[in-house]
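Going line by line, the protein sequences match chains Y and C.
Under this note's numbering, the residue at position 316 of the first sequence is numbered 316, and the numbers go up by one with no gaps.
Under this note's numbering, the residue at position 372 of the second sequence is numbered 1372, and the numbers go up by one with no gaps.
Don't read these hints as lab results, they were simulated from the structure.
Possibly wrong hints are sitting among the right ones.
Claimed, not checked - One side of the interface only, derived from the structure: several residues of chain C facing chain Y at Cβ under 10 Å:
#1 Pro-1115
#2 Asn-1576
#3 Glu-1616
Think of the CB as a built atom: it goes at the ideal place given N, C-alpha and C, for glycine as much as any other residue.
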Amino acid sequence: MDTLADSEIRIYRALPGTDTGTDADPVQTEIVRHSLNSAANQMKRTLIRTSFSPVIYEVLDFAAALYDTKVRLLAQAPSIPLFMGTLNFCVEAAVEGSGGVDNLEPGDVILYNWPFGTGSHAQDTAMIQPVFTDDGTLVGYSAIKAHWLDIGAIAPYCTDTKDVFQEGTFFPGVKLYRGGKLVDDIHRFVLANSRMPAFVAGDILAQATAVSIGARNLVRIVDRYGLEVFRNTVERIFDHGEATVRSYFEKIPDGRYVGHGMMDNNGVDDKPIPFNVIVEVRGSSVRVDFTNSPEVQPGPVNCPVASTVSASRVAITMLAGGNQAPCDGHFRPVEIVTRRNSMFDPNPPAPCFLYGWPAMQSMEVIYHAMSKVNPETVPACSGGDLCALVWWGTRQDTGEMWGDGSPFPVGHGGSISGDGSTMMHAAEAATRFASMEVMESKFPWVVEQCQFVQDSCGAGKYRGGMGYDLGFELLEDAYCTPTLERTRTRPWGLAGGGEARANSGTLRYPDGRVEAFTKATGLPVPKGAVLTIHAGGGGGYGPPEQRASEEVEADLKEGYITEAFAREHYGNL
Amino acid sequence: MATRIGVDIGGTFTDLLFYDDQTSDMLVAKVPTTPASPEQGCVQAVTDSVDGDQLRQTQYFLHGTTVGLNSLLERKGARVGLLATRGFRDILEIRRGDRDEMYNLFWQLPEPLVPRRLRLPVTGRVRSDGTVHIPFEKQDVLDALEIFALEGVNSIAVAFMNAYANPAHELAAESALREAGFSGEISLSHHISREYREYERTSTTVIDAFVRGRMSNYLRRLEADLRGAGFKGDCLITRSGSGSMTFSEAEDRPFETIMSGPVAGAEGGGELSRQLGLGDLITADVGGTSFDTCVITRGRPTLLFEGKIVGMPLQTPWVDVRSIGAGGGSIAQVDVGGLLRVGPESGGADPGPACYGKGGENACMTDAAFYLGMLGEGKLASGLQLDLALAEKALQPLAGKLGYGMDETAIGIMDIASASMADAIREITVEQGIDPRKLKLLAFGGAGPLMGTLLARDLDITGIVIPPHAGNFSAWGLLGADLTRATARTRIMRLDDDGLANVNDILAEMYSDLAARAGSSGDGGEWAREAGLDMRYKGQEHTLSINVPGDNGRVTISTEQVREIFTRDYDRTFGNTMDEPVEIVSIRATVRHALPRRSEGLSALNGSDGTHTIREAYSFTEKKRMDFRILDRSSMQAGDTLAGPAIINEPTATTYLDANWACEVHGSGCLFISRH
């Protein structure tokens, strides 16, 4: 990562290509590229199958990746796209924190979660294992950043912190394993800071096992081809990723495209936060400019720069990466510019628990900018949020503390390819929400409903995906931290398409009282109450009057829309 | 001892194998599949190959088919209505919120099998512990039935929340439908699966309702045609979860046969491993468009308990066969970033590889192999003569883009294809904690024997087995598919003495359910019972399935011993263990009725013309073109040995034996290949 800093502005670029590797064999390169992706996939599977928290095994709230010695991304397993390419900051900071490269030995595993290095909140804890061949040569790093259920903050999930020190316990690059042996002092210290130590202990073991699987596989690949061939090949892999993204932007007309968006609030005071991102295309390169960002916020919606960079990379790679698994080369044509001490590049100790929310909005805004190139480039806006709920409480019969957190889908925008679907936000594309029957077998609630709501989609030649209502009826007292965003701005349509319903939440108390909520920390939800999220739909694409009449009739017949909606948007029937 | 016929209907060809138990004679045939009425092609193949007397004496007809699968792929099935718990009619569309292609911004959900207007709500709610939260409303079922009647629904799926824990509401819905006069098919989710996960169970139930009519028509017609031709034995079909079931049972549980086709090869691998004591195996089934691989441990293919077809999950046992798009017809191209890619796009059988001369212009894996001499003279069983000039012409542009020589380009294609197959094998083994180097590779399918030594090189495997009739091995696999029935229940509890006592009570119920599936026809013969437990450390979600040794399906070992088995398997799979308490999540019961054993082995091949020719081909071991011996597999006798480099032809496949590899003909007719 190349940082050109003057007092205010910072520019982030991936390391440029080198002259080495140009003669690497294209066949061997393809083989090594496959093997690296396969190795990252094995890390992911191991973590999923051995972890204790739904947030890892179901929500896939983690990133598993392999890096080379220059901390360039070799391969990353498909999990949360938002984490794409964020781990390089972690790896650099973790190695530095633990005493530098010279202080590393085989079998070390470093723990690191300082938000201004990881880009995430404290719960997203990285484990990094330096990878050595048998003769002691450092060949890269195996790294996983995963969401731990609780690592001490004012609540298991927070929406109103005032500084980062209210958000958790920090591990600034400490060795959890030294030469392959668990450092018991650190391990006990970590668990002592969690409300749910059993879950965290299980996840720590799962995460450590998975990084070691990655390390073992990286060594196997290097051994098979020899270090020199491996290094050359890797350069060629990066060049290949770079060429793929460049070939996309070459076809985009040069220009400066401005996208606009708005955050609901910062979690502490209730003012909306409008912002813009400028996407500038020059030849085959693209610059994503955050210098107009709002000031650093007093509430936890600040996005540390690592996540600003990765949100930009995800947005761009999903457009231009040719559906490939990303590597550092894909990032080379992308330059990200931030302004220090702004919402998208905060300094410590700014609160950043909800860093993911501005990051996610920035993706929508980057796509908004790209739609100015040509609306065909992107879909219309989605519900624009994860509609996430985090729950905890104490079980009546056992007195044990329980906790769970999950994102939920939203309607997605219509596009030139057709109507939108209902699924997870693009920032969490590989994620699933847990089966409701599985939830009910573990947590004290009965799900009241999970069904589409008529007219929640944006009208258009291609309509948006449906919004839906999901309600939880509590069988015991519990607490919930809902984190709804985009409740004030409706998902926009494109090319003449209509807006969809925005997200909202309601809590119906046993006495029949109904209260609305958006973001709240530790909202008490008593036994008998029903908490419902009303997830937003997707915006429409193209003028509604161009929608084929049989499509409109089908929407009516299937109950996606009402006659009133059809009359309002599609005219006479 | 029993004479039997196996017929495997694939996308392009229908393969037949007849096995006469008296003489151990085996007969092989291959005819084009007739997609419009596959049973015709099937019966045609039988009557063409087997004479009337033989057919009358045949005891088993074993069948693998893609009829159910195609019904889903082509969306040709029943008009299905779904009764769902009120508030949950959109489960099929909301799913779990995932998308099949994570980096694809434009991804769209394929149309669900049941449109929204035919997914209707029924009041009534069961909690996860089986207690009733909201009482069942019969009137909702009757209201829904009126709509179904108007819409011409002929198959109704009923899938209610937590029906796995208490099916009372589903049963009540069924009686209400019947009382009201509905005479079509009804699929109840708890009959399909007693495991939790509403989306997966609903999806399976809807698939069952969708394919039921078509499947049962097909099976009835096929059986009638076979009877008409004189067949008097039993008709069996393979299950997605290994083993086979009778046609009448398949009519009742058609969703269990969806993967009937690809499973046959894995079954064959299991049988061969047991018969010849080959130990653990990896199968490498390379066809025209795909590469299928499966791990065989302790003589059985590895099982999963959930499968997926065109994005739709099925909650049913599923042989863990992994497929990637790499086969003889896989197209090679140079991508926008300048790297050489092989597959997943395929030239299929028509036009197929350029060298087929059917108008294909893309260079495929077969073109590369033929160019390098790996296919010898290039005479295919169908009589097709491959055309070297066309292969060369197709490879030329790739060589140009890469700045490579022709040989280098073709070698690159083979290397890439082999490496991606090897990666698939590595993932499927390593994730189960199995070291692929310790296993033998069983290569079959039209192009499997071609890839054997390359794959073994990439995986550091030292032993390869090539069965006789390698191109028809899947049909052979059918012949040994035991009759099996399986069921599972989700019941979460601690692993302790009380828990195990519970397990035994539940197992007893499950075995009586399984016996009931035999229906009025009854089951002759011996059925062995097997029990399995899905377990995890308390707090985890994912489970490990272990087989519990027991006495006729009862768990007789102690809690401690069960925990020991779990711990050992966990350690093998993940490389560590924990001190946490262990939980039982699901209980699995299987009954198995072995078909009468075939005589050992596959029988030697006839013919013994020992002549061979010499031809130049590329050696991947020596990294140069050199002389290869070309001979006919039928000329090799049990006990013969042969040192590579050589190319061994048989009607359905070509074995490429690279330099530094040697092969020995086993008494069974298998080629055992090892490093020299």
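Which hint numbers doesn't this structure obey?
Of the numbered hints, just 3 does not hold.
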